[in-house]
Amino acid sequence: MGITSSRGPISIADRRWKRQICCVPFGAHHRSWSRLIGWRNIRSTPVRALNCSIAASSAACWDGFSWAIVAARTEACTVLGLADPIVAFTSKKGGLAMSDDWKDEKWAQDAWYSGKITRRKLIGYGAASAGALGATMLVPAPWRAAFGQAKPYKIGTLQPLSGTAAAGGKTALVGVQMAVDRINKSGGINGRPIELLIQDYESKPDVGRRKAEKLVVEDQIDAHVGGYLSNVCLACMPVYEEAKTVNMISVCLDTTITTSKCSRYSFRAFDYAPAQAVAFAPYLVSKVGKKWHIAYLDYAWGQSTRDAYIEEIKKSGGDVVGTTGIPLGTADMTPFISKITGEFDGIFGILFGANAVTFINQAYDLGLTKKYKMAGDGAVAESTHFPALGVKIEGFVGVNRYVPVMDAPLNTPHHKKFFDDAVARLKQIDPSGPLPDRYVQSNYESMNALKIGMEKSGFKGREDTMKLIEALEGLEMKEGDDFPQGDKVLRKEDHQAFLREFIFDIKDGKHRILETISKEQGTYPAACKFA
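Each residue of the sequence shown is one higher than the one before, starting from 27 at the first, in the working numbering.
Since the hints were made in silico from the structure, they are not lab data. There may be inaccurate statements among the hints.
Calculated pairs, DSBU-like style, for lysine-lysine (alpha carbon to alpha carbon, straight line, at most 35 Å) [to be verified]: (1) LYS545 to LYS396; (2) LYS211 to LYS230; (3) LYS180 to LYS504; (4) LYS536 to LYS443; (5) LYS177 to LYS545; (6) LYS341 to LYS418.
Here the structure is a predicted model, which is why all the values come from computation and not from measurement.
Construct the entire structure; sequences and hints are all you get.
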């Protein structure tokens, strides 16, 4: 089976699944999409793809730059995760019918629930109608008609959808797609829809750089929103600078991103380690303990965060008596944790995702959580970790820019909209129903920050990149539907945002806000010189 477009027929097959995976392309770009998705067995049996509306499914139709992924079977084909039908007829077979039944299939569960995301399985990220990950990679059909023939903005997003950071990459992608859905439903940006181009960098810096180059050179994106692992962000920043493309970082927390390695083309619309340490250290020393041992992931983010806390704990009258670096992705941390001994009050953890889960579980099993107080970066105690940690995380004290509670000051209608949407989407990729974490929040708000900059600058494309940069520098973001976390400002001098922080503990398996630190209290001096 094949699909015919303005550039000719395309069919993508995966023999292992004993079915064909076909991309209904958008005009001239279908070749790059076939490369992005990752299938290589291309054949050219003619098929005629028709724009249509079936019964009461929707009044809107797909047009020349819309696309779908379909699984071809013996008698018919199933459209994967689209809100509107695309009907195709061959000379021998019947047509395609809309269905969400694909979510229950083994390959879909591998992709969403088991974390087995590979290039061959990246097709799932278009599940708008099912709600699995929110927005389609392109424009969701229910509101497509409102844009007429308006050219879409192409926004790239690099996320770790496989490898050591896959769990966090999935929730991060939820945040970007929530924002894209909302923007497209409300009329787009400057009257144009957003086309979201997703790339999995497999949690590897070298792969990340190659995928970034593909986005800016081959796909010709207008801007980028994404990133997760700091070492990958650092590897990719020069790519965006060379291409003169705005890079809105959405997770990476390494301090040097907006200090010694800052770039005029990169922005961070959320917090970083120095601001967190300034906000948390006084509370940590005065109310939890004075002497600390820091356990951290031994790569860019962990190292820079370690350094920030050593400085601020000492400034607050405390002391760091030792540190233990643990390699990223270590499955058995016992050899490292067993060496954490001595006379001190608590262990301060700087870990995230599966690494954090492993650390807490093994520290608990070795008796360290009874002997010492446990505190650290909020990434250790994200709500998405709770099913795997249970009571072992009880009593942990941390700091985070976002916690999934409806208590003051987060008891606002803006936050409730964000919270409810995120909960519904996350449940589609994890049946245990985790609450949203800071990765959903910062990706959602980073896309919205870019949107405001594009509107403010009248951005038309990459030729207007400098106008967009100037619009983003010093941008004030007010609490509301775009920024449910609260007010923030994107500092002109280093492109670093400042926002309120929440000091919390875990009580009865839930986050409990202990103190709220204003963005003014967490401000840290700029240390960036743009080239």
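Verification of the supplied hints:
1. LYS545 to LYS396: With a Cα-Cα distance of about 34 Å, the restraint between LYS545 and LYS396 holds, given a limit of 35 Å.
2. LYS211 to LYS230: 34 Å, holds
3. LYS180 to LYS504: 26 Å, holds
4. LYS536 to LYS443: Roughly 20 Å separates the two Cα atoms, so the pair holds.
5. LYS177 to LYS545: Cα-Cα ~38 Å, so violated.
6. LYS341 to LYS418: 31 Å, holds
Consistency with the previously given hints fails for number 5 only.
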